[in-house]
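J.: In case you want the letters, here they are:
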Amino acid sequence: MNGQEYAFLVVAVVGSISAIAVVTARNVVHAALYLVVALLSVGLTFLLLGAEFIGWVQILIYVGAIVILFLFGLMLTKAPIGRDTLDNQNRILSAIVAVVIFAGLVSMTVAAFPVRGAVAPPPAPGDSLVLGQALFTDYVLPFEAVSFLLLAALIGAIVLSRKDEGN
Amino acid sequence: MVGLLGLLASEGGETAETIVRGAPNWFVTHAYLIPLLPFASAIVILFFGKPTPGKGTIYGILAVGAAFVMSLGALMSFANGGGTYEANIDWFTIGTLHLELGIYIDGLAAAMLVVVTAISLMVHIYSLGYMKGDVRYTWFYFVLSMFTGAMLVVVVSSNVIQLLIGWEIMGVCSYLLIGHWFEEKENSNAGIKAFITTRIGDVPMMFGFFMLIAATGTTTANIPLIAEAVANPTVSALYISVAAILVFGGTIGKSAQFPLHVWLPDAMAGPTPVSALIHAATMVAAGVYLVGRLFEVFVQADPWVLTTVSIVAAITMLGAAILAVAQDDIKRVLAYSTLSQLAYMVAGLSMGEAGMTAGFFHLFTHAFFKALLFLGAGSVIHAVHSNNMSDMGGLRHKMPITFWTMLVGSLSLAGIFPLAGFWSKDELLVVADETHTYWLLGFFLVTAALTAFYTTRMVLLTFFGEYKGHAHPHESPRSMTIPLILLAGATLSVGFLGSAWVGSVFADWVYFGAPPEEKFMIGFALIGTVMAVGGILVGYRMYRERKAVDPMETALGPVWKVLLNRYYIDAFYMRWIVYPIRDTWSAGVYWFNQHILDAIVNGAAALARGLSKLVSWFDRNVIDGFLNGAAGITGETGGLLKYLQSGNVQWYAVGLFTGVITLTVFFIRLS
Amino acid sequence: MIRLPLILIFSALLFSAGVYGVLARRNAVMVLMAIELMLNAANVNLVGFSAQLQDVIGLVFALFVIAVAAGEVGIGLAIVILLFRNRESINVDEVNLLKW
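Protein chains in written order, with our numbering: chain Z, 1 to 167; chain R, 168 to 838; chain X, 839 to 938.
The following block holds chain Z by itself, in its conformation from the complex:
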């Protein structure tokens, strides 16, 4: 157990709690804010793991843009500000499913990668140089595809939210 691990544990706990809070908050805006915390914690995890680029991209995009988007969405859809039951009647079953998933994943993880005897790995090769090289040489095709995807998403969003002028 070294310093990174402790830091990670703290970050992880915070992130977990806030993640649970996201899905159980009564107030939608509170849920969005908890989401910010969760995303931040994920970003910090990335940083701790040595993937600086991904970490900062995460914070930049997720926290900076996507959460804003969410807030805009909440505003535009007149999300009820204030206390409200935001859960539907499937709560119990969903909880069961979620717990089962968690249990299953954990058990598989523990079965596959024993906690005690694991050797702490070196940090991830998260240097921007390495990442950039890989991205623009080996994986340029997926990169271009993702660009297209984003373009399509952009156009799609515009088309969808355009008001019908009676065409």
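Rather than coming from a laboratory, the hints here were simulated on the basis of the structure.
Residues on chain X that point at chain R, a partial pick, calculated with CB under 8 Å:
#, residue
1, Val857
2, Val860
3, Leu861
4, Val930
5, Asp931
6, Val933
7, Asn934
8, Leu935
9, Leu936
10, Lys937
Just so it is clear, CB atoms sit at the ideal spot from N, CA and C, and this is done for glycine as well.
Given the coordinates of chain Z, assemble chains R and X onto it according to the supplied hints.
T.: Below, chains R and X without anything else, positioned relative to chain Z:
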């Protein structure tokens, strides 16, 4: 007809026995054709009659004509000294009883064949004119042919069962013919009365036959063999007497003797040719023929049997003659006259062996002149459109042929020399004297006088005086007058066949035991003639001028009413026999049938219905229940499953995740 | 330097929370947020394994995931806004035209 079928169907098919005495000619050996020809023509008429021009009458006339020729041929065989002939084929055997079909031709049978075919031929020709335009013209000829065939079967039969078959067919045909115009209820009633009354006589006759068959040890129904068995002294005389009386019952019925005489006057409801054929010459003669055929039985029986026969005949003879005096309907006069003359024949037979020849000779002559009288009456009725003599009168100028022929017939009936009736009645008188049955002789003489009296009455009322009716009478067509002329000729001539004066040929043909010696006794001839002429004179005096009220009515006073009601015998039968059976017994049997027999049938039906209800319940609820249940389960399941389609995306997602988890776990476990 | 199982447990927790949110939340935007959690959990997995295996592809893929998630959120919110425009409500329980 049945004989023909039996011939065709019998297993053996060969002749069982052929007994030949003397030298019979071809006509005798093939005498089985004589009944077959009319039966064949009946079938042809039935199927091909209507389309044939003339409506099928030609077949009947040809067939009966051919049968007549064959009968003459058969009689010639006996005239030439030929002997009796018998031929049988096996029919079937039950236990020890061996039944055959066959013919037995002796002189008696040959003479009867001639009589039956001759009269039938005359009636066939006569009906061409008389029944012209009738609603059932072809049917009439069909039944005529059937009847002729049946009577011929009776005549040629060699055994009592075959005779019975022909007997019964005759009964049915006479019923059909009497009720020919059944649209009038009283005609069909007359037919039923005739059938049932003769039936009442037929039942004892059948039992008589059974007794006779039993007397042979139940081995055969053959007539000559029965005669042999009966002649055997081991058979008790009482047994034979009872059998004889029973058989005589059939004669009482068919030949209309007292007390079963009631059907014959009513049977005049039938067409006149039918009356001529059936009730003058053939069917009623069948009863007499029966006695003649089984004469051995009567001879071997105790004397009281023949005495009873005589008494019955005597009562009938005189009673019917008295009734004939009181009739207005011309056919009724002739009907009662027939009853009386039949009684003559039966009385003749009742006098034993000697009387057999005389009795049958009277049958022979009577057939011709009675048929002549009936056909002549039919001619008159056809012209005047009425049966009643009160509508007639003065017809001798308008219908000369009918008049002269009927005059011949009437004189013969009255017994005037030298006509046929004179000779046959005279024979009977002689035999009565020979057998010393003087009381019967007295009956003969009194009845002869009465016969002459009512005959004169009939002729005077019909042909003399002023015409009282409303129609326009004229002579009948040739098809009707030719038979009249032929029969008149026969009446003039056949008397000499049996006349003792010229040496009776008839006696050589028809006899029992040995041919009787015929002697002509002038004394009886004179007495008979005196009685006849006396009757004619009295009749002439009373009926010479037509009076408003019948002179006999004034003469007899209250007795006239009794005569009009036929001595109340018919009323007695109706009140004490017919009505109780019809109203009480029939009602009781009907009740039994409706409530008990039908209840059983209905109960069975109800049971079936109940069972079917059960089965249908089972089908509806159990079998259909399965199907409905399957459908219901499907429906219910669908109803439950539909909740899966909640429309809620998250619900679907739950299912998705659950599935993913399950599969993942599953695959992980596997690996 | 961080042991892998811990990272995986962390990601599992995030993922489960996300699952719960997807299945149980009524507000459509909340569902989208939960989806984001799940995506992030996947990202954590990827980066963790990339560190463990010293392979850069994990990072590349995580980058792509982020990009796709961004696009998806955009489209998703557009749809939700459209839904809100038509129905005045973004309660996913009420979007059930395919109900029986």
